[in-house]
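K.L.:
One letter stands for each residue in the lines below.
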Amino acid sequence: MTRLLTVDGLKVDFPTRSGVVEAVRGVSFTLGRERLGIVGESGSGKSQTGRAIMGLTPANARISAERLNFSGIDLLDVPARQRRDLRGKRIAMILQDPKYSLNPVMSIGRQIVETLRAHETIGRAEARDRALAMLEAVQIREASRVFDLYPHEVSGGMGQRAMIAMMLIAGPELLIADEPTSALDVTVQLEILAILYRLVADRGMGLIFISHDLGLVSSFCDRVIVMYAGRIVEELPASELANAEHPYTRGLLNCMPRIGADRHPLPVLDRKPEWAL
Amino acid sequence: MSAALAIEGLRVVYDGHHALKGVSLDVAQGESYGLVGESGSGKSTLLRAIAGLAPVTEGEVSVDGERVGPGRDKAFYRKVQMVFQDPYGSLHPRHTVDRLLLEPLAIHGFTDIEARILRALDEVGLGSGFRFRYSHQLSGGQRQRVAIARALILEPSILLLDEPTSALDASVQAEVLNLLEQVRSDRGLTFLMVSHDLAIVTHMCERLTVMQNGQEVERLSASDLAARTVTKDYTRNLLTASEGFVREGSA
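Taken in order, these protein sequences are the chains called Z and X. Here this note's numbering is used: the first residue of the first sequence is 1, the next is one more, and so on. Here this note's numbering is used: the first residue of the second sequence is 1001, the next is one more, and so on.
Keep in mind that the hints are not guaranteed to be accurate.
Said to hold, decoys possible - Simulated crosslink set (DSBU-like; lysine-lysine; CA at most 35 Å straight-line):
id	chain 1	residue 1	chain 2	residue 2
1	Z	Lys89	Z	Lys11
2	X	Lys1021	Z	Lys99
3	X	Lys1232	Z	Lys99
4	X	Lys1021	X	Lys1079
5	Z	Lys89	Z	Lys99
6	Z	Lys272	Z	Lys89
Claimed, not checked - Okay, the calculated bits of chain Z under chain X, using three or more residues with CB under 8 Å as the criterion:
id	region
7	102 to 111
8	179 to 187
9	209 to 221
FYI, nobody ran anything at the bench for these hints, they're computed from the structure. Model, not experiment: these values are computed from the prediction. Each residue gets a CB set at the ideal place from its N, CA and C atoms; glycine is no exception.
Please model the entire structure based on the sequences and the hints provided.
P.N.:
Right, here's the structure in full:
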């Protein structure tokens, strides 16, 4: 399998007045053209890991790694200009809530066209046609109507489809999806995931799927990384999730209420200090 | 026996938008009742209308068999308290936990304030060490415990719970759900709980109403839902969706 991304010993530190907050403390993994899930609770460093790869770490943070390599390019040592070219073109990111991540004063169509024209020299008419085709690919029925709508005029599910269209239009090789469906209703969630799944499979992209939902990630991905306190505590094939060994992973699986299971009280996580070592 | 909480044909209209289109339900004394639906189904509006936070256009709310008037008096809030969804938004950012808990006591003219605050903190598992902290010094789960303590401190008989755990991590959610069940059995409380998550509602409630577009879709018992004996397609869709993503071709 061709290696798309190599992350070795990634660290992200935030210096604050009360000391350094270590958000990510030495994370290593490799990614080919496959679907990798990163799971953890808030503060586990999963989003900062994704943002570091995308190059969206805040300017005040310190980022270091033994290796952070995307198809032969050293992401830590690359000039800002080249990094900008990568971002959106070869590495793209879907964020959680379309209400906040889309530009509110620009029509959906224009935002998609903007992405395309930022990375390709292409005429207006052709860009519009490709944007419309992309909107159809994410199963928006009246693509030409939605093209002219503003983000506040569409539902959350529609907004997230537009977001996916925008991220995929430049044909990235690596897609980072940070909680792409957490802000959506459950039934809409499934539609969006089905669209994402098909597009990622058809185009042979590498996908990093970041989520707090262990069950969801394991049904969507090939491999799952479980993070706790800035570190990877367990890495396993998604199909082996039921046989997870780390008590944190098992605890996370166990503490969810399930329909038809009569467990009162629910088992809770007994956090051991040594997990965070 | 009259129901602890009875709602009859409740209708809420905001500027011509019908958020709630005539919903009725009865919650028995000591029962835990769930409302499930997606965004825009009117489930939160129903809860807010009961608490007097949404304009009731039509319909009746009765507590312990007594009809509640258009305004809510102090006696109503002694009986009915609410816990909101977002613990980051529902606690005053510049008040200490002590002051947050003191306010309802002062409004209702309690005198044994000291003892009550300590007991309330103890009951939600926080201990007196948290008493003089500000909400920004607490985690999401701790904040929601404070919100629960604030609701319980007046010793209400009915608790309205609006997605009390949806802003929390899964492991913290389990702790808060356990806490809610504990206080319910200790005090014989009646719950009316809103959630978008079928699994949480079947875990916490004996009966539930599925809502869509401001209307009732169907009424079920938790055991019906667990046995998948549902009659409406909408409920079936929700059930399928709650089982998670299934890859194409493997279904």
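K.L.:
Looking back at the hints listed earlier, which ones does the structure fail to meet?
P.N.:
6, 7
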